[in-house]
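Generate the whole structure from the sequences, applying the supplied hints.
Chain by chain, the residues run as shown.
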Amino acid sequence: MAVFMQSLISGILIGGVYALIGIGLTLIFGVMRVINFAHGDILMVGMYLTYIIFTMLGIDPFVSVLITFPLMFLFGGFLQKVFINRVLNALAQNQILLTIGLGLIMSNTVMLIFTSDYKILTTTYSSSTIQVGGGVSVSTPLLISFLITSAITAALYWFLLKTDTGQAIRATAQDRDAAQLMGINVKRMSIIAFGLGAALAGTAGALISPTYYIFPQVGGVFTLKAFVITVLGGMGSVVGATLGGILIGVTESMSAVYISSGWKDVIVFVLFLLVLLFKPSGLMGKSRT
Amino acid sequence: MNKTILMPIVVLVVLGGLLAIPKFVDSPYALHMMILLFMSVMMGQSWNILGGYAGQHSVGHAAYFGVGAYTTMMLMHTKQIAPWYGVWAGIALVVVVALIIGSICFRLRGPYFVLASIAVAEILRLSAINLTTLTNGAEGILATELPAFKIGGNIITDFATKVPFYYIGLFLVALTIAVTYVVQHSKLGYFFQAIREDQDAAHSLGISISLYKNIALVISAVLTSLAGSFYGIYVGFVDPPTVLGLDVSVQIMLICIIGGMGTLWGPVLGSLVLVPLSEALRSNMITEALVKVGMVNAESKIGIFLKENLSHAHVLLYGILVVVVILFMPDGLMGFIKKLAKRRKQEAV
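Sequences listed follow chains A and B, in order. If you're matching positions, the first sequence starts at 1 in the working numbering and goes up one per residue. If you're matching positions, the second sequence starts at 1 in the working numbering and goes up one per residue.
Do not rely on the hints blindly, as some may be mistaken.
Some, not all, of what chain B presents toward chain A, calculated at C-beta under 10 Å [stated by the list, open to error]:
{"#": "1", "residue": "18"}
{"#": "2", "residue": "110"}
{"#": "3", "residue": "112"}
{"#": "4", "residue": "123"}
{"#": "5", "residue": "245"}
{"#": "6", "residue": "310"}
{"#": "7", "residue": "324"}
{"#": "8", "residue": "327"}
These aren't lab readings, by the way, just hints derived from the structure by calculation. Think of the CB as a built atom: it goes at the ideal place given N, C-alpha and C, for glycine as much as any other residue.
Printed below as a string of structure tokens:
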């Protein structure tokens, strides 16, 4: 039972970070109908940014989120304005290829600068754990990152539901043309949405940097995971992505414990195919038109 | 001269030239480059049938490439079965895999199809890592000893030089292009293009969508598997990332997209651009050229940095090329050339 609780809790904790990655992707898809294949690479940029801030300025990775978030927001806005904006009305495959190309550029530029060596960001609490009771212990960095994730997610919900800009973003996601007719600056909403998506991915990168290896190709895994999460939750649904993230986190940690850690990603992908086949609209998604 | 007469003549002349190359060129490096070029054309052209003509943009073609390469190599390594028999086992397996993938993925459209095709290829890659007894896991399979190829007791070749590989590659490329040509000019090709242009309209005209998508997939997968087997035999080594990784799928697509999708010569053009460029980067030719021209000092910090790192940058070049092509010539080089030709014609009139 302790093993079960242990894997459930660590699944939920890592799921929180996955949710952050998924929400970013789903926001971008919702507003622009573009699937961002560079999402994991944006996360990787966030990881390296955190690494630089940590090694050069000595700022704790969890504190540096305050710097990473706005920087990544600007980076995302730049990507949208310069590249993505030009293919908004292009064929889906061209959009996908463009983002794949951007991802390749990011990962290989980072590789040129930092080489492909694995970097480790060691903090004083990197390997420490907290006893919860009942034989269950929780990794400290995972717990802190989960708390930060929850705070960010809560703030994001508030932003999307209560502020004018947030409502404008949701309106754009619901119907781009109608939103434009209502006087919403759709182009600006797109930039904000892509900026937010990138900021969330970058923040997720910052939050996992104390517990993950940092290397230029780390993004690919997270891009694929982000897809699984958003499809599971329903493309474009923020609530769905939150749930999907937690669900994937738990599935992974359960299958790592009860099946084998080598096969856990296979199980996630099989789950993904099953969702695509039998409920392509996802958990919270409305049926596609 | 009439285009219908000119084209076959050009093709025959080029083919004759290619057949004669090993007689005059004995530099192994030059032959190696040509073999890489053949491999690239095969990969791009096979993707073209599904992606270019039928409009199903699979980003999971590494699945077929890898299954072909792995089957041939596994049979050769563990059962000592000569690759020219193993290839058929690879093809048979790939057809089965393709039909399974087709039945799953073709129910989905657009981005969902892309995602599903990636997921399937990733499942195969992870399986190749985990099924260590079969595939030797992440270490990969090393099998460089090829048995001599005999017909009726006479040794035709013992694969000691690159020349036999050159001719095999040339044959396979000719085959792939011929298949594409036949498909393009047959009813099948028109069905594929009808599905690409408007799936619903094609359906309402009585074209069985799932049947023809699966046919396109099987043709494409079999040719990709041949390319994979050829790769395995030529290089003598396969491991999960190099034959089943997402990078492979992207590279396969890229050849076609840069050259021009849905055109017979697009993948050839794409390969002619990509292979020399990435080879020049990989072998540090560009840095050396920059040093020779005097733009960069070999001893300076930049020179050393470029020398050490630019050889890893060929993937960066792929990325930049994709972005440029998508933004400025979405129909690839072929489309770009056609547009230029059209403009010139209009100006002449």
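Taking the hints in turn, this is what the structure says about them:
{"no.": "1", "hint": "18", "verdict": "violated, 31 Å"}
{"no.": "2", "hint": "110", "verdict": "holds, 5 Å"}
{"no.": "3", "hint": "112", "verdict": "holds, 6 Å"}
{"no.": "4", "hint": "123", "verdict": "holds, 5 Å"}
{"no.": "5", "hint": "245", "verdict": "holds, 9 Å"}
{"no.": "6", "hint": "310", "verdict": "holds, 8 Å"}
{"no.": "7", "hint": "324", "verdict": "holds, 8 Å"}
{"no.": "8", "hint": "327", "verdict": "holds, 6 Å"}
Checked against the numbered hints given earlier, the structure breaks only hint 1 and satisfies all the rest.
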